Amino acid sequence: MLEKIFIGSKRYWGLIFVLAAFVLIGVVTYARQLTEGLTITNMSRDVSWGFYIAQFTFMVGVAASAVMVVLPYYLHDYKKFSKVVILGEFLAVPSVIVCGLFIVADMGQPMRVLNIIMFPTPSSPMFWDMLSLMGYLVLNLLVGFVTFDAERKGIPAPKWIKFFVIVSIPWAVSIHTVTAFLYCGLEARHFWLTAILAPRFLASAFAAGPSILLLLCLLLRKVADYDVGKEAIQKLGQIITYAMIANVFFILLELFTGLYANIPAHLHHFEYLYVGAHGEYSVLAGPMTASSVLAVLAVLMLLFPGFRRNQLTLVIACIMVVTSLWIDKGLGMVVAGFVPSPLGYVNEYVPSAVELLVGLGIYGLGALILTVLYKMVISVRKEQ
Amino acid sequence: MEKSRRRFLCALGGTVIGGVPLANALAGGEYKAAGRGLAGDKWAMVIDVRKCIDRNDCKACQDACHQGHNVPKIEGVKDEIKWIWREPYKNAFPDQAHDYTEQKLLDGQLPVLCNHCEHPACVRVCPTQATFKRDDGIVLMDMHRCIGCRYCMAACPYGARSFNFKDPRPFIANIRKEFPTRSMGVVEKCNFCAERLAKGKGPLCVEACEKINCGALVFGDLGDKSSNVAQLLRKHNAIRRKPGLGTAPQVFYIV
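Sequence lines, in order, name chains A and B. According to my numbering, the stretch in the first sequence is residues 1 to 384, in order. According to my numbering, the stretch in the second sequence is residues 1 to 255, in order.
Worth flagging that the hints you see were computed from the coordinates, not collected in a lab. Remember, predicted model here, so these are calculated numbers, not experimental data. Be careful, since some hints might not be right.
[Unchecked claim] Output of the computed footprint for chain B on chain A, the stretches with three or more beta carbons under 8 angstroms from beta carbons of chain B:
no., stretch
1, 24-38
2, 107-116
3, 337-350
[What the hints assert, rightly or not] Output of the computed footprint for chain A on chain B, the stretches with three or more beta carbons under 8 angstroms from beta carbons of chain A:
no., stretch
4, 84-93
5, 128-139
6, 157-169
[To be verified] Simulated DEER-style distance windows between Cβ atoms:
no., chain 1, residue 1, chain 2, residue 2, range
7, A, Lys4, B, Lys73, 52 to 62 angstroms
8, A, Val28, B, Gly223, 51 to 61 angstroms
9, B, Met143, A, Ala31, 16 to 26 angstroms
10, B, Ala97, A, Asn310, 55 to 65 angstroms
11, A, Ile166, B, Gly246, 38 to 48 angstroms
The beta carbon of each residue, even a glycine, is placed where N, CA and C say it ideally should be.
Only chain A is shown next, with the shape it has when bound in the complex (with noise of 0.2 angstroms):
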């Protein structure tokens, strides 16, 4: 089946260039950065995360997504996901594999990462977020293949299957909840102290994941003729609706314990995040401002039958969803940990063109893979 990957429309091949030009700049960026240091990125000694670990978080949550697919198939046994299931589970392929990238290019000595396996070390939960994330691939790859694979050739999928089907889905709670965990134990950081950080890291996984999905679904049904269905939609949907009602609710609780309490040391870093600290400008009230109000108005809209039924506003919606969601944890989540610093001080911080750039590239190879596995679902599938 991957020789369908070498066989396309002109518009195919135009896409696969587009995306390989994305990863040429990153190559090109990340060597620069490699030679030079990470001097050339926005981070500093107080802001010592950024861009690229908030980008692993947020991609985390995509990868772990599947499971909303997976689960009701599976274990429900509805049908009605029978033609997303797989481009769920292709969807988490990149998005592991993006993550495990952003990991890489955060590194200050990359070629020791190996290092991380050579001296094993369970008391950090970077150690186990590596072993979940890439048992995680590895259990996509292999599901998705397999199953797909019997699908083509018309025979039931192997029963040897359905175990590693099952564990899939508590893994893939399990890798957000242990990227949850690389911040909520630290007792240096009072922000992500927090116990409610996984259940929230999973709520917006899993409203921003599906969001995504969907949109890709109606990408696909409009640019290569192939149709999930509108009950599979109309599913996710609901979905979504009920992850962010949950995303929010889970904030308010955060937001009530953090300024009710009224312990400086927590209440400074949601000040920073939402006005500014000490009464003064920061750079993240204005996104996070917006990444609010966007995540009420999705709820208001996905609350209302009539708009999540109506397919353009259901798409307006997931946009709305993705957009605050990837503020908060793309870029609010991390910084805020780090400002103000230990010891009081505001150093803002905005990623460099270097970052964005070596992001487009990491984000432009998930986007390459995405596309050759989808392109290989939908030309198998179609001859059928």
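Position chain B against the provided structure of chain A, taking the given hints into account.
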């Protein structure tokens, strides 16, 4: 080749880790400890802020440390590297300063450094054990194992760690051959002068402070009840930075 490398590493291990029993164990009979290293159970530092803030512009400790350890002088808050430096009281002790704190103390610049915590968060989170705690309480870095993930910087509640965002060597005025320089992309911090303890000397910052007849910095073994630091802590009420976090810093401040 292999043999000389091994010998070199053994020798390096012996020097860096120091302390008579440890060096003996490492030497494995072939190499004898020099026997002039300082051994301790629980190294600690006591800083008498009252003496220190009388000389608010003094940088003797910082200069001695940074020169002795080839710490690069990089300007600006973004990429700077520091092992020990002076910080206003209200920043070093954000929970302690209040509206009625004596102005002199409030404006006082106190030395801050790695606290060599009893329960170091940096050691806990490091995915490669590149940062580790010795039996004598000193938290050290293995610059050759560090992958530069900066998780330790996120975990440190004291901002004690710096990252080599760029090649540090062009920023060192006079490279001292006695101590290694670092490469780009690794984290570094105060090492309580482990390399000097192995030779029977105290930390550079303490020595510099004594040299100017201030004596605000005192270094010693808290495992020994009769040590200078243990006596000081019995005599005075000393505070530690962010005690509520449970890291148990081994740097104490008399205010």
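These are the hints, each one checked on the structure:
Only residues whose C-beta sits within less than 8 angstroms of a C-beta in chain B count toward coverage, and the stretch 24-38 of chain A has 3 of them, enough to reach three; the restraint holds. Note: the stretch 107-116 of chain A has 8 residues with beta-carbon separation from chain B under 8 angstroms; the three-residue rule is met and the coverage holds. Only residues whose C-beta sits within less than 8 angstroms of a C-beta in chain B count toward coverage, and the stretch 337-350 of chain A has 8 of them, enough to reach three; the restraint holds. For the stretch 84-93 of chain B, the assignment as covered by chain A holds, since 4 residues bring a beta-carbon within under 8 angstroms of that chain's beta-carbons and 3 suffice.
Restraint check on the stretch 128-139 of chain B versus chain A: 3 residues with Cβ-Cβ distances below 8 angstroms, three needed, restraint holds. For the stretch 157-169 of chain B, the proposed coverage by chain A is satisfied: 9 residues have a C-beta within less than 8 angstroms of a C-beta in that chain, meeting the threshold of three. At about 59 angstroms, the CB distance of Lys4 of chain A to Lys73 of chain B agrees with the hint of 52 to 62 angstroms. Distance hint for Val28 of chain A and Gly223 of chain B: a CB-CB separation of about 55 angstroms, consistent with the stated range 51 to 61 angstroms.
About 24 angstroms separates the C-beta atoms of Met143 of chain B and Ala31 of chain A, a value consistent with the hinted range of 16 to 26 angstroms. Restraint check, Ala97 of chain B to Asn310 of chain A: a C-beta distance of roughly 57 angstroms satisfies the suggested window 55 to 65 angstroms. Checking the proposed 38 to 48 angstroms range against Ile166 of chain A and Gly246 of chain B shows it holds: the Cβ atoms sit about 39 angstroms from each other.
The structure shown violates none of the earlier numbered hints.
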